[in-house]
Every structure is written in structure tokens, then in C-alpha cells.
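Engineer: Got chain A sorted already, so can you dock chain B onto it with the hints?
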Amino acid sequence: MKFILHATTEITSKPLIAEVILETGTLLNIDRADVKSSGGEVVIDVDQDRYDIVTAAFKKRGVTITPLEQPIIKDDDECVNCGACISVCPTGVISFNDDWTVQMEIARCVQCGACVTMCPQGALMVGK
Amino acid sequence: MSEKTIQDINAKIADGSVHVVTAEEMPGIVAELGADGAVREVDIVTTGTFGAMCSSGAFLNLGHSDPPIKMQKVWFNDVEAYTGLAAIDAYMGATQLSETRGMEYGGGHVIEDLVAGRSVDIHATAYGTDCYPRKLLDTTVTIDDINQATMFNPRNGYQKYNVATNCSERTLYTYMGTLLPDRGNATYSAAGVLSPLYNDPTYQTIGVGSRIFLSGAQGYITGQGTQHDPTNNFATIMVQGDMKQMDPKYVRGATFHGYGTSLYVGIGIPIPILNADIARATAITDADITTNVLDYGVARRARPVLRQVTYEELKSGMIDINGKEVTTSPMSSFHDARAIAGELKEWIQKGKFYPTLPVENLPNTGVVFKPMKQMGEQPSVADVMAQRVTTIRQGLTVEDAARAITEGNFNHLPVVSDEDKLVGIITAWDIAKAVAKSKRDKLDDIMTRNVVTADASEPVDTAARKLELHNISAMPVVNKHSKVVGIITSDDISKLVARR
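Chains as they are written, first to last, in the working numbering: chain A, 23 to 150; chain B, 269 to 768.
Among the hints, erroneous ones may be present.
As the list claims (entries may be wrong) - With a straight-line Cα cutoff of 30 Å, these simulated BS3-like cross-link-like pairs (lysine-lysine) come out:
1) B:K517 to A:K150
2) A:K58 to B:K707
3) A:K96 to B:K512
4) B:K517 to A:K96
5) B:K689 to B:K710
6) B:K583 to A:K96
Claimed, not checked - A few chain A residues facing chain B, derived, Cβ under 10 Å:
7) E100
8) V102
9) A106
10) S109
11) V110
12) C111
13) W122
14) T123
15) M140
16) P142
17) G144
Keep in mind that the hints were calculated from the coordinates and are not lab data. Note that this is a predicted model, so its numbers are computed, not measured. Cβ coordinates follow ideal geometry from the N, Cα and C atoms, glycine included.
Only chain B is shown next, with the shape it has when bound in the complex:
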């Protein structure tokens, strides 16, 4: 069995005889030569990914002003950075929004602007101390004017990610992009065959201290990423790198409409082919990587899994979801993932980059990605809804409805069929309008037929969001047979919030 050490490989880089291939080339080589043959033939496999990584940001050290300031709050181009650190250190997070431009511009764009050499306006305030008397600061800088600009990303490079689709009737704006109603499209992320962590899925060569390609600079893995979940092949890495060395092409602020901002980060990890196991792992193809299609129409932690797909199916551009052919599109750039794997390959071939072995490997087992511990019961619609609801039969008149509303002293009157199914809703306002227009006969003419409803078991928070989105003040609560079992109003929710 062939084996080699990282020292062997680095010696070959130094003398120019190293053989590097990308993860796309490796399956063919292993198929032809076998894993042992591939160890003899190939020294390093390069990987790459380029996509939105929300858990990204930058530590920025501005240098001291005179008189000095201990920044209590600081904004870069109106985007606030965290200053709970020493005087002139700040952390700019990628998803922080501009206070003047909203979702159009955020922390990710500030980081892009700095790396691209553009000037950035800084505004800081402070309470003033004996050692830091200054209370206000306004200046404009480029990345060359400040001391450290260190990208530090707590969670990057997901091994794979879920596919998002939407079974609800409404267009959703998410971090997976716009999801059209009724499975109108599906979006996915991660590079599949080029995915850095999927090419070494037991992390034999990846961990603390691994030198990597980070957005055009030589950066490092500093540990497992937050939410690292090796059990489900959702491993992640924490990384850092010098922004002054980065390539602006691979540092790109992004806006997901209706969701917010993020940062496209480019990561390439070199996998040294030390033994046959590692060679075999890097022979993975898109067809070998499976992931779940989730319904983002359900705004809960556990979104329903609709099916499993491979990256090969996803990249074909079309997948079947419950009998419907659905167009897929990536949110990350495979074109640039390939460019990164290629660039890293070239760096190594030219002796500009030497891979390292980690001082501690990423944990492969025993890590559990826990859900949040929440205090107290989360109230559901059933807890706050009124159970006694007056309804009115379809076919009755506007006058009947007016009488029911005045007698009951409420504003919303669900309309039901003879089978007791919800068919519409009437509000006091509808009746006032009908009277003004002298349309006093049938309810059917004036009722709203497309009724927004709630489910008794759903959390109050999702019901509240529905009321807000539809700009309404009440919803009938129905069971699975469309029978009205209660009604929930914005007043009920306000009272609950007041009690909390």
C-alpha cells in the first residue's frame, strides 16, 4: 500500500515535481489507476467553493485618533459594527444592514468595498474617559489606512446544504433566494464534486491550522465552524485570513431580496493525498452526494423533507418534486468554485503555496448540533384564540350579518356552508361599504372568499406574521375539514405580548 508524508509532498513542491489535480479530475484518475495507483500519481487534490456565507465578518483595527477615543458605537458607511472590544477594534458582520439604505447595502458590502480599495466613511461615538476623552469621530479610510483587516468567519464552507422549495401559495423571500409558490422553483448551494469538506469527509487532513485559499489570500482554518454537524455531513469550518491579500473578485457583498445582506466568500482546501483512503474519498462525484429537498413554506425549525436528490440531479437543471418538474438553480457559483480549485492548483505548482497538516483535526464524531433551549412553553394559536365564534350561513343577507355583528359586538364574521365548511368572511367594514353602495341582498356578493386562516397548533408568532403580511386583524382558526374551531385577532396577540 502506497503512503507518503506531507514533508514528501512539500519537498516535491520545492523542487517543482509536485503533481496537483482538481477534485473534478480525480474520479477519472482513481477509476483508471485505482486508489493505490492514484496515491503514487497524485500528490494534492484542490477543491473550491464560492457562495453566500452569512456567518462571515471582519476584525478591523483603525489605529488611534488624537485625542484618543474608545469607540462605544461605530458605523462604516452607515453599517454598524460591534465594538465591545478594546478602543479601536471593531467586528463588522456580513448581515448587518445599513441604517440608511436598508437591505440594499450591508456589512458584506462594506467588506467588499474595503477589499476592492474603495474608501469607507467611519462615524464613531463614545462616552469619554480619562484615558479616552474623545466622544465623536468622523473620518474616511481605505484598507491601506487601517492596521489589521482580518476576515474572521465563524461558519463557512458547509460540506453540503439543503435544497429549498416552497409548497405554500405565497412567494417567499429567503436566504435561499426567491422561492416561487407551489414548487415554482428550487434553489441549492455548495459545490458538490468540488466541495472542500466532502472531498475529505472524515477530515483526516483538515482541521485547526490547515492552510487554505481564502478569497484569494492564504488563510487558515481556526477550528470547527459553528453548527458543525459531521454526523449529517453538514460539517463547517471557522476560518481567518488577511483581507489586504485578498482578491476583490472573491469577496462580494450580496443582497437577498426581502431577507437581507450576506457575503460571497471563496474557499479552496488542498487535500494532500497521503494514503489510499484519502485518494478514494477525493474520487467522489456529484452522483455520490445526496441532500434533502425541504419545504421552506413551513416556517418552523423542522421543515418537511420532500425527497432526497443528488447533486448530479440538481445540476441537470430540473428535478421532480411530488410529481412536478421543477427548475433548479444554484445560489453559489460553480464557475468560480472551479476557478478557485484551478487557482489553488496553480499556486501549488508554482511553489507559492505549501499545504499543512492540522495541529488538531476537525471532530468527526461526538458533535451534536442542538436545537435551542427555550424557556417556557411557546404559546400556540389554541392558547390565545377565542373558541366561541359566531358564524353565519352562506346565502343569508347583509342585514342578517349586520344583526349578528351588532349582537355579538365583534368585527369578523366567518361565513360557512351547509356542511359547516368555511367559505368566506365578512367584516363590519364590508357591511358598511355594502350599505353605502345599497348592496344589501346576498352576503355572497360582498364576502371575501379567499380567507387567510390559522391552524390551532401553529405558534402564535407565525400567526402574527400572517396577519401582518396580509394586513388583516383577524383569522378564523380551522381544522383539517375546514370547520371553524376558533378565531384569533391581533388584539388577542397584543394581550399575550403584554402578559409576557
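Chain A with its partners taken away, still in its complex shape:
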């Protein structure tokens, strides 16, 4: 299961992720990390059964958590099923069905936005 950590500048200097890994004894996969002067945003992937423990540990440290339920949104009225998005996706989220419609395995999405930029029809949007 994926979720987004939102950390303010006051706490981005602390080794938050390492602390949570040690405290919960859980393997975390960092899909994407974006730390700016305004704060940090990290997408983390964790096994479903450890989700509650891990997110609780982050919350205790002042981090805001958003579950990544719909990481990428496709507007089916705009999509023409060209598939241009397929080759720019770094995690192989997008592929063709047998009938050449575009399908998305959104569990693998890390919200990098490459497909949004690529789409000639403006049919894709990063979910909030």
C-alpha cells in the first residue's frame, strides 16, 4: 500500500524514515522523494498488514499522511487510447489490453507525472 508523507521544514532534517523503520521493524520502499525549502513529500510503499503501525509511527512524529488511493486519474472522454504514455512511465504502470485500450495498474504508480506531460490529449491528471 502506498501513502504520501508530508513533512514541514522543521522536521525534514530529522532521520524520520530511519527512525520509523527501526521502531516498527518494517521494510519500507521509497518510491519517490521530493524535498524542497518548503518541506518534504515522500511516497512510501509498505505491506498492507503493516500500514497502520507504520503510519501511526509517522503521525506521532508530526508527519501528515495521505493514502495514495487514486494516484493517477484518466479522463476516459479525453483519452484516445494512443498509448503514448506507456513508454515514459518509469514503473510500467500503463499497458494495452488485448483490444488496444489503455489500462493502468495504479498500485505501481509513484506520481512522477511523466505520463501527464506526455499525453497529447490532456487526459491524465495526478490525483491528490
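Structural biologist: Same frame as chain A, but now just chain B:
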């Protein structure tokens, strides 16, 4: 040998006994029955393609205002159309950009909005004449309010197209989409097995006056498309059709990030199966169609060909390019190409569409796609670069560099190794920063290691674009052994432009 005429076929459409298949079904039929058998069995093969076709546009006639105006300039939703025609005729091109929204919205989107029935704001200006006194016009219309809205596309339906990849170190934004660095992906276009022109590659049934499916309307081929190149199987067609009859599903404005706008157009051509040669041609498969993979990292007319691939390989989703497995994706929609071939098939079966033979076939030979005749020599980097360059050895100090720069009266100092290879660059600004931070010892600590360089033989225009993209004012010019042979600055380029 079986043969039939277009009249035979059209009579069968009229009495409902016509047999139509799509180009995807045909290879199996020819394999089973042979070409002669297929002529007896099949009357028409339908094709289809749906993709970005930049050389597309629309003639729009707005009707006369009162008092009348001879539009000198006109904008539709802030996108300018061409008005060098009679008073209220205009041509809206698909790649013209909005003057307020830039690449997000362009001529292709205006055409989509009109076909979809959405209202469009018109602003026109004029110089005023005795017969057309009005100088300014603002109005809002839908497609129903104007007279003709004729899609007229000078180059559509490429028989096949090149595959684009990128061997450079930078992400490129092109009309073939985003191309990731170091062969990060490959994009391709055209429908392969369903490609209209590839199903009749000698154009026996295709030419001026061929009735076609054009974005949901019944349109016509008006001639060979611009850049028509039958010799290399890059044939193209010029087409026109009534936008008021079109299906908005098949008229879609598009934006290619960093490149601009275009229009997705849907084309389906019916191929009447008059004889065995034509039947055999329509049995083509993706495996039979080969195209070149080009390196778009080289911004020259002749881009290097990296390999040949078939459409079958491309559609598998992965191809090998110089030892790397590269993900492919189409820029055109095979799903919709298939829908178009299917829709055209249904039109014919229901007696709504009768194919025609051309009054003049597309030329099959003797057409040469020429490069541009350019006047004068195109200056290369070697023509404008400074050949005398002061360099500094790696390992020396900031102070040594400062001395070299002040003595030489320049801003950029390439740093070279003991083997004379370029390893970095120092600017006067770097030295000022180093002094401010009291980092005066080794050059290595303050130099830029990832140096943008030029090649002596490259055109000045590509060098200028590199300076602009990297926001720098000079580049060392190096040979293939990374030895510095010159330096080119934005000043050198400005002087050249002033001379022109």
C-alpha cells in the same frame, strides 16, 4: 484470373450483397483462399488510421457582417488564422498557437471545438476600404452559424513513419512526444496492418477523387500530399471534407509538450478488390512493414538510422536498440484506427457509402522529396569560434586561474588534464564566488565538471540552441579526443547574426 469493376461492386452495395472485410481480416482470407479466391470472396477491404497529422487545417467562411469587413487579421479563441484570401475567408492551421495560452491550445483545438459544436470567439481587424469600411469585429459563433467549414489537409495519412528514440543525454520534447535520454523510450506512428496507403502500395485504387472516411464524414482525396515520397514508402495524401458532417470523436486537438499543437485526424480508405494484385497487397501484415529507428538526439535533417524494425516488433512493446531493451509506444491510436475501419465497413454494408475510383491515381514513381535549397553556406562552429584558447592545467590554484583570466581578458577558462583532455571549466564568476567564500586553493573544488561542449563541424544554430538551453554564454569546442580546439561564445554568434 478473377476480375471485377467498381460498377460490379457498387451494384452489390445497392442490393445489399456486398462482402466487406477490414485489412486485419484480409491476410487470413488470402492465406486460405489464395489471391484469386479472395477476389471472388471479398469486394472491399477497409483500412483506418487515427493519429496526429500536423499538416491539417480548415477553411472557414464566416458570412458578411454589416457594414462589411475585409479581414486583414483574424483570431479564433486567440489563435490566428490566415486571411490572405477574400474578405471573410480564413484558413485555420492545426499547429498555430494561441497568443494567450501558448502551447496548451492551438488551431487543432479550435477545429475540435467547432466540430464538437462549442462556441468560438472571433476577433478581426482590417484597414478599411470603400467596399469594406469596417475595421474591427468581435463576435461569437458555433459551426452552425458559419457558411462553409471545410477541413483541408495538405499532408495526411503517411503510409508509414519513422520510429523516434534519443541517444543524447537530455530529455527531448518533439512532435514524436517526450523522448527520454539514452534510448529511454521509442515512439512510433501509423497503423501498420491497417495503414490505408500500405494496403494499396502502388495506389491502383487511390488518387484524386477517391471517396474516403474523413473523421466521421465522407471526404475526398484531392491529390498527392505534400512531401509525397512513394519511392521510400512515405506516400501521403491531400484530403478535404465537410466539418459539419464530422464526428467529434475523430477530430481531436492535441498538445505535444514543448513542441506545440496538432490535430488527431481519422482516415479510412476503402480498397475495392478489383483483381488478384490488389487482393495480395491487402494481405500485408505488421511483420511485412519495416521502418527505420532514428536518433532524434541529432537535430539535423539526416538523423542517424539506428536499425530497422517491423511494425510487429514495435507493437510487441519492446525493441532492442544497440543492445538495450527499449519500451515502445505509439503516438497514434490503433484502437481508433480499428474502429474507423470497422465503421467504414458498416457504412458500406448498410449502403451509406459507395467507393469511387480516382480520376487520377497518386503518382507511384518519379516523385522526389527534395531537401530545401539554401542560399549561401550555413556557418559552422569552426567559422565563428576563437581558435586561440587559453586553458589551465588541472591541479593549479584559483589564484593561477584569476591571473590567466585577467591577463587574457576573457570570462571562460577551460581546465585540462595532463593528457590535454578537457576536464572542467572555470568562469570569472566562479572565481569571484570562490574569493568571497575564501576558497582559494584548488581549482578542482570550484570548477564545473559537466562541461557543455560544441563540435567544430556542427551548425552555429544548434550551438546557439545549446547555449540557450543551458543558460550559458560560452562552450569549449572539442575534438573527438576531448582536446580543446576552440571556444564559441554568445558574443561570437551575435556578431555573426549582425553580419547576416
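Engineer: Take the hints in turn and mark each one as holding or not.
Structural biologist: Status of the hints after comparison with the structure:
Proximity of K517 (chain B) to K150 (chain A) is assessed by CA-CA distance (about 29 Å); at most 30 Å being required, the pair is judged to hold. Distance check on the hinted pair: K58 (chain A) and K707 (chain B) sit about 27 Å apart at the alpha-carbon level, within 30 Å; holds. About 29 Å separates the Cα atoms of K96 (chain A) and K512 (chain B), which keeps this hinted pair within 30 Å; it holds. Taken as a hint, the K517 (chain B) and K96 (chain A) pair is honoured in the structure, with Cα atoms around 17 Å apart against an allowance of 30 Å.
Restraint check: the Cα-Cα separation between K689 (chain B) and K710 (chain B) comes to about 18 Å, which is no more than 30 Å; the hinted pair holds. The straight-line distance between the Cα atoms of K583 (chain B) and K96 (chain A) is roughly 22 Å, inside the 30 Å bound, and the hint therefore holds. Satisfaction of the interface hint for E100 (chain A) is found here, the shortest Cβ-Cβ separation to chain B being roughly 8 Å, below the 10 Å cut-off. Taking 10 Å as the C-beta contact cut-off toward chain B, the hint placing V102 (chain A) at the interface holds, the least distance being around 5 Å.
Of the supplied interface hints, the one on A106 (chain A) holds, with its beta-carbon coming within about 5 Å of a beta-carbon of chain B, less than 10 Å. Interface restraint check for S109 (chain A): the shortest CB-CB distance to chain B comes to about 4 Å, inside 10 Å, so the restraint holds. Here the hint on V110 (chain A) is kept, as its CB sits about 5 Å from the closest CB of chain B, short of 10 Å. Look at C111 (chain A): its Cβ gets to within about 8 Å of chain B, closer than 10 Å, so that hint holds up.
Using the Cβ-Cβ criterion of 10 Å, the hint placing W122 (chain A) at the interface with chain B is satisfied: the shortest such distance is roughly 4 Å. Taken as an interface hint, T123 (chain A) checks out: its beta carbon lies about 6 Å from the nearest beta carbon of chain B, inside 10 Å. Taken as an interface hint, M140 (chain A) checks out: its beta carbon lies about 5 Å from the nearest beta carbon of chain B, inside 10 Å. With a cut of 10 Å, the hint placing P142 (chain A) at the interface with chain B holds, because the nearest CB-to-CB distance is about 4 Å.
Because the closest C-beta pair between G144 (chain A) and chain B is about 7 Å apart, less than 10 Å, the hint holds.
Comparing the model with each numbered hint stated earlier shows that all of them hold.
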